[in-house]
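**Q** Listed below, chain by chain, are the residues.
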Amino acid sequence: MTNTNEMLLEVKGLKKYFDVSTGLLKKKEAYVYAVDDVNFYVRKGETLGIVGESGCGKSTTGNMVGMLLEPTEGEIIYKQQNLRELSKKNLRNVRSEIQMIFQDPFSSLNPRMKVYDIIAEPLRTHENLTRKELYDRIAELMDLVGLNKSYMKRYPHEFSGGQRQRIGIARAIALNPELVICDEPVSALDVSIQSQILNLLLKLQKELDLTFIFIAHGLPAVQYISDRIAVMYLGKVVELASKEDLFKQALHPYTKGLLSAVPIPDPEFREEEKYVIEGDIPSPENPPTGCNFHTRCPFAQDICKTKKPEFEEVSKDRFVACHFALELANK
Amino acid sequence: MSNENLLEIKELRTSFKTEEGKVPSVDGVSFQIKKGEVVALVGESGSGKSVTALSVLDILASNGRIEGGEILFNGQNLTKYNEQQMRKIRGNDISMIFQEPLTSLNPVFKVGEQMTEALHAHQKISKSKAKEKSIEMLDKVGIPRANKVFNSYPHSLSGGMRQRVMIAIALMCDPKLLIADEPTTALDVTIQAQILKLLKEVIKKFDTSILLITHDLGVVAEMADRVAVMYCGQIVEETDVFTLFKNPKHPYTKGLIDSTPKINQLDEKLRSIPGSVPSPLEYPAGCRFADRCPHTMSICLQKVPNDELNDENHLSRCFLHSDELTDDEKVQVKVN
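The listed protein sequences derive, respectively, from chains A and B. In this text, residue positions in the first sequence follow full-length UniProt numbering: the first is 1, and each later residue adds one. In this text, residue positions in the second sequence follow full-length UniProt numbering: the first is 1, and each later residue adds one.
Pulled out of the complex, with its shape left as it was, chain A reads as follows (with noise of 0.2 Å):
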């Protein structure tokens, strides 16, 4: 990967709060807290994975990121610019090159229009081309995502799962994008079809020198794709670091549970002791105090129920928010 120490995009203290208050003149004010102080950096050329269950904000902070939705409070930084200080003109420039592939294929393409019109709306939105240079972009986008170009005047209704997945990449990659923030872009597609998806988005990555924001709830692949990943629980990142780091030592204790939780496709791992987080998620409109995790975590101390602890840098890129990280690193 070509992984240079240039900054891309960094977040800092990104929060979005919903509001759901109720009664009139909302008498009964409440917020579901569903993104909470989050910061990371993405690097040219890297990709970082979020993972985390259902609830847990990260689809929230791609959709920031995304400009999909305005954060509450916090910073978006990319290339030096605070996005969400910019001129309506500089941001739709910008737009172009943050580009976005989601979750659902069979949702996020439009049934009326034909895969030459969904291909072709962002360019046709952000650049002058002609006839027949549109022609031969889509053409050229279809190929490069292993799409049939005799395809171009099919419906997306008349293709499987994993070829409007493809459809959906080619759209996002067709205004040369810097960024590339993937929802879950594997998750409802068989397993079979998910490793082509992967090995195209990588190969698609060191051919456009693309960076991606990977985000997903399985392990597995985020695993597979991501040089860094971060994990979060509640609206909070509990642990980032390198795929590497963490998969040897995870130092948080839902990190911890997160991966031995993860079933191996192997039967002689099957015997392995497991340390199966106990517990349900507790709900973001009304999260624990101190520590998030502190209500399913075996090791939670007195501190933990009262203090918040810091996301901290614990070594060279290693971040962690557990007031015990480095006790627990050796347990």
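Please keep in mind that the hints were generated in silico from the structure rather than gathered at the bench. Nothing here was measured: the structure is a model prediction, and the numbers come from that model. For every residue, glycine included, the Cβ atom is placed at its ideal position computed from N, Cα and C. Watch out, some of these pointers could steer you wrong.
Distance ranges between label pairs, derived from CB positions [what the hints assert, rightly or not]:
id: 1; chain 1: A; residue 1: Arg154; chain 2: B; residue 2: Glu4; range: 52 to 58 Å
id: 2; chain 1: A; residue 1: Phe18; chain 2: B; residue 2: Asn313; range: 53 to 59 Å
id: 3; chain 1: B; residue 1: Gln302; chain 2: A; residue 2: Asp117; range: 38 to 44 Å
id: 4; chain 1: B; residue 1: His120; chain 2: A; residue 2: Leu25; range: 45 to 51 Å
id: 5; chain 1: A; residue 1: Asp317; chain 2: B; residue 2: Asn306; range: 53 to 59 Å
id: 6; chain 1: B; residue 1: Pro107; chain 2: A; residue 2: Met113; range: 33 to 39 Å
id: 7; chain 1: A; residue 1: Pro287; chain 2: B; residue 2: Asn313; range: 48 to 54 Å
id: 8; chain 1: B; residue 1: Asn3; chain 2: A; residue 2: Ser283; range: 49 to 55 Å
id: 9; chain 1: A; residue 1: Glu273; chain 2: B; residue 2: Glu4; range: 29 to 35 Å
We have chain A already, so just place chain B on it with the hints.
**A** Same frame as chain A, now just chain B:
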């Protein structure tokens, strides 16, 4: 585990009538489940694994029909049973848990009512006894404050709790066979780990046989004793779980294993199976996997393979294992 077959399926064929014609969803499937054994049916969407399970309980959609074959449960052929006889089996001797616990629980009845329903249907039991038994069962499947949950509605429970309730309902009448159709697919991984742990305890405590239907090889590796891999309505490979992962024979099984990312092998490149599953209305004449297979030979396009490899413990439906092929038949064909 004993040597007695609890369930024996022979040459099962199930199809659905649709506007485009008759769709053969399960096409000649045979396998056995012994007492106390966990058999996994693995396959991708449309492979017919769920339809096989639904056929066992005869709960197919109205356009579906069992066209042929036998389903022997304790030696009795269930395909010959009428509706009344089947009702005595369902939820009693054979029960089922489904993928999505929110849609399989009735939202307008309390958990308790749905639990005792099965008991009252199959046994003569007093109301208070039934309640006592239900609460005991909720306790056994690891639900805290069972008393309170007994009186609550499904919507007030979390996904993991609902699936525990489903498992408790399924176990109410001490079934001999539990069919689990993607029991953890809709759940988060930490919850999935809890439910898998619970299912393992169930096998130990209740000595139930399980027919586990899943697409996740990780779940298979963790739970199953035997595995049958399905592709396009047929079983392409069947063997015990250790052999399957160590020495897979069928190219589809190999492809499936190679395309599953593993968290214990960081730098391995994933291989993928090219193409996609053919539609049941356009099945090729020969082997159904021929157009995606890396080893396709000329015979694969003409003839349907049977269990070419038929060891005592290992079935594989592929011509690669046949030693009776002529040189012409062995000619490699490039398909993809």
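**Q** It remains to establish, for every hint, whether it holds in the given structure.
**A** Each hint tested on the structure:
Range check, Arg154/A to Glu4/B: Cβ separation about 54 Å, and the 52 to 58 Å hint holds. With their beta carbons about 55 Å apart, Phe18/A and Asn313/B fall inside the hinted range of 53 to 59 Å. Look at Gln302/B against Asp117/A: about 42 Å separates their beta carbons, and that is inside 38 to 44 Å. A C-beta distance of roughly 50 Å is found between His120/B and Leu25/A, which places it inside the suggested range of 45 to 51 Å.
In this structure the supplied range 53 to 59 Å holds for Asp317/A paired with Asn306/B, their Cβ-Cβ distance being about 56 Å. For Pro107/B paired with Met113/A, a C-beta distance near 37 Å keeps the hint of 33 to 39 Å intact. Taking 48 to 54 Å as the suggested C-beta distance range, the pair Pro287/A and Asn313/B conforms, at roughly 52 Å. Taking the beta carbon of each, Asn3/B and Ser283/A are about 50 Å apart, inside 49 to 55 Å as hinted.
Distance hint for Glu273/A and Glu4/B: a CB-CB separation of about 33 Å, consistent with the stated range 29 to 35 Å.
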